[in-house]
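Peer 1: Chain by chain, the residues run as shown.
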Amino acid sequence: MLIEILFVIILFLSPLFLNAYWIDVLNNIGIYAILALSLNIILGHTGLFHMGHAAFYAIGAYTTAILNTMYHIPILWLMPVSGLLAGIFGYLVARPIIHLRGDYLLIVTIGIVEIVRIALVNNIFGLTGGSNGIFGISRPSLGGLVIRKPQQFFYYIWIFLGISVYLFYRLENSRFGRALNYIKEDELAAEGSGINVSKYKLLAFVLGAIWAGFVGNIYASKMTIISPESFSFWESVILFVIVILGGAGSIRGVILGSFLIIGLPELFRQFASARMLIFGAAMVVMMIFRPQGLVPPRSRTYSLEVLIGKE
Amino acid sequence: MELFIQQLTNGLAIGSIYALIALGYTMVYGVMKLINFAHGDLFSIGAYLGLTFLISFGLVDKVGAPVAILIIMLMVMGLVGLIGILLERVAYRPLRKADRLAAVVSALGASIFFSNSLMLIYGAKFRVYPHNLLPKSYITILELHIPVVRILLLLVSFILMACLYLFVQKTKTGTAIRAAAIDQGAARLMGINVNKIISIVFFIGPALGGAAGIMVGLYYGQVNFLMGWLYGLKAFIAAVIGGIGNIPGAMLGGLILGVIESLGAAYISFAWKDAIAFFVLIVILIVRPTGILGERVAEKV
Numbered sequence: 001m002l003i004e005i006l007f008v009i010i011l012f013l014s015p016l017f018l019n020a021y022w023i024d025v026l027n028n029i030g031i032y033a034i035l036a037l038s039l040n041i042i043l044g045h046t047g048l049f050h051m052g053h054a055a056f057y058a059i060g061a062y063t064t065a066i067l068n069t070m071y072h073i074p075i076l077w078l079m080p081v082s083g084l085l086a087g088i089f090g091y092l093v094a095r096p097i098i099h100l101r102g103d104y105l106l107i108v109t110i111g112i113v114e115i116v117r118i119a120l121v122n123n124i125f126g127l128t129g130g131s132n133g134i135f136g137i138s139r140p141s142l143g144g145l146v147i148r149k150p151q152q153f154f155y156y157i158w159i160f161l162g163i164s165v166y167l168f169y170r171l172e173n174s175r176f177g178r179a180l181n182y183i184k185e186d187e188l189a190a191e192g193s194g195i196n197v198s199k200y201k202l203l204a205f206v207l208g209a210i211w212a213g214f215v216g217n218i219y220a221s222k223m224t225i226i227s228p229e230s231f232s233f234w235e236s237v238i239l240f241v242i243v244i245l246g247g248a249g250s251i252r253g254v255i256l257g258s259f260l261i262i263g264l265p266e267l268f269r270q271f272a273s274a275r276m277l278i279f280g281a282a283m284v285v286m287m288i289f290r291p292q293g294l295v296p297p298r299s300r301t302y303s304l305e306v307l308i309g310k311e
Numbered sequence: 001m002e003l004f005i006q007q008l009t010n011g012l013a014i015g016s017i018y019a020l021i022a023l024g025y026t027m028v029y030g031v032m033k034l035i036n037f038a039h040g041d042l043f044s045i046g047a048y049l050g051l052t053f054l055i056s057f058g059l060v061d062k063v064g065a066p067v068a069i070l071i072i073m074l075m076v077m078g079l080v081g082l083i084g085i086l087l088e089r090v091a092y093r094p095l096r097k098a099d100r101l102a103a104v105v106s107a108l109g110a111s112i113f114f115s116n117s118l119m120l121i122y123g124a125k126f127r128v129y130p131h132n133l134l135p136k137s138y139i140t141i142l143e144l145h146i147p148v149v150r151i152l153l154l155l156v157s158f159i160l161m162a163c164l165y166l167f168v169q170k171t172k173t174g175t176a177i178r179a180a181a182i183d184q185g186a187a188r189l190m191g192i193n194v195n196k197i198i199s200i201v202f203f204i205g206p207a208l209g210g211a212a213g214i215m216v217g218l219y220y221g222q223v224n225f226l227m228g229w230l231y232g233l234k235a236f237i238a239a240v241i242g243g244i245g246n247i248p249g250a251m252l253g254g255l256i257l258g259v260i261e262s263l264g265a266a267y268i269s270f271a272w273k274d275a276i277a278f279f280v281l282i283v284i285l286i287v288r289p290t291g292i293l294g295e296r297v298a299e300k301v
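Which chain is which? The protein sequence lines are A and B, in order. For reference, each letter of the first sequence is one residue, going 1 to 311 in my numbering. For reference, each letter of the second sequence is one residue, going 1 to 301 in my numbering.
For the record, the hints were derived by calculation from the structure and aren't laboratory data. Any given hint could be a false lead.
Unchecked claim - To spell it out: a stretch of chain A is covered by chain B in this simulated footprint if at least three of its residues, at any positions, have a beta carbon under 8 Å from a beta carbon of chain B; those stretches are:
id, segment
1, 20-27
2, 63-71
3, 157-163
4, 235-246
5, 277-284
Unchecked claim - Pairwise CB distance ranges (calculated):
id, chain 1, residue 1, chain 2, residue 2, range
6, B, Leu230, A, Phe259, 29 to 39 Å
7, A, Leu13, B, Gln222, 34 to 44 Å
8, B, Ser56, A, Trp22, 51 to 61 Å
9, B, Val287, A, Pro80, 31 to 41 Å
10, B, Val287, A, Arg175, 55 to 65 Å
11, A, Leu171, B, Gly221, 46 to 56 Å
12, A, Leu92, B, Met1, 50 to 60 Å
Glycine is no exception: its CB is placed at the ideal position from the N, C-alpha and C atoms.
The shape of chain A in the complex, shown without the other chains (with noise of 0.2 Å):
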């Protein structure tokens, strides 16, 4: 707890000592690790093969930039809208799919992420703007402050981080969150128990499709300018890797899951083109020595003073 608590007061007072270049590290560390926290609901707690988060993602941020720039609705007003858009489509498109199993249901999503990234390149509806994208998106302003700079954008991020995870946690130790783990250990015996597997399933996708949704929201309004390239196969990939290589359904692994990720390519600039090289070498070796993942989750343990009502 400590060690928690120390870390979180060092990167609150980070941007007393960092440089922008820096900070705006930090911040997509942040961001990939709320889009991160969002897919660990299908693919940690779940354990849905879910290879296509970056679809959502895109929803949200495509709802925010078109809405924003087309009828100048402030950002802020925006981001229950992408959320809701994106979880609609979430729904929309894991319900005809969400009896596949395991690696089916894995190439399916790779399916549909691309078939999003392709629909923004081909300028669907003409309104994605095609393989350009949409530019000119505005900053979202809190009551007169207007958020800009990377500093302002930091705390931002890390706040809605900090919710994000107060919420998983509370969701994670619910008793939707142990229906989902159950059915990650066993889905028959989970339906044998009364649960209704595909409803959950889908309520998971649902949800992590309306965070991601969010995030969207945010990138759009960080970036300013968004374009197809931003949501391709491979940042899902990105996404697949942080939730497994930090521990899957654990929320502290994921958090260092990105720092690594999102991180480690930037310290190892000064190796210049190998860079991705090393990366794609220390991706193995991690894996082989910590196969459940760096802080993979706690088992669930209840008191028996808790469980008779004694407490």
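Chain A is fixed; fit chain B onto it per the hints.
Peer 2: Just chain B, lined up with the frame of chain A:
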């Protein structure tokens, strides 16, 4: 009609390449239940090795283009196969007992490693294959001009696939491979050296992928260090369409995907070509959740 036949033959040619790569995915999946995401990059390595051998040994001048290509293709297959065995030893064997997704991440890491090594060795630009090696002539059937190259490509793929099929069905080792795919534990009890079988599978799959790489280089005339990613993904789709783990399924899936994609690019929209492949995949999986030839797997209770 002319367009249709041209696209159909083109689709069959591409499809046979997808099928060759898909065989690597499907064999590895059959025995290890692992999606080898680095397979597409082994295909790229084959394409680049082929390029190096073609331009450096001067073999073409000594023995003529057809023999030279044949020799080089065999060399590339051997080398890529060895890289495959090495890959399994280093990146997958330590994770055999771990969670399945750990091996997937290891495979993704290996893929990044391979594609970036190619970039460091050969540079990030497109590299051009020697283009005077293959016959440029056409065969005319019923007033349709079909390039000889296309037919050669189909022929070579079919020979390779037939060899593989006979090997897996008729030889003792092939039977052992099929046994290991059904039940590793039982296979081990029957005296089959499963580690050896896995090494053999990791030799054959990448070898076929490497052959496909050199064929793509010769057919399209250029290679790029990232091309393995897209070809790998398409071939993976082909394997899943056919029913992953099923060898005839991979061949069928590859051909189906190649033809649909080629016809779709001509008649529907070229810009949506890559999306068509995924769309077909999703429709097929919704209708038949285990692919066309995949066996229905009953859940064990």
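Peer 1: What are the numbers of the hints that this structure violates, sorted from low to high?
Peer 2: 1, 2, 3, 7, 8, 10 and 12
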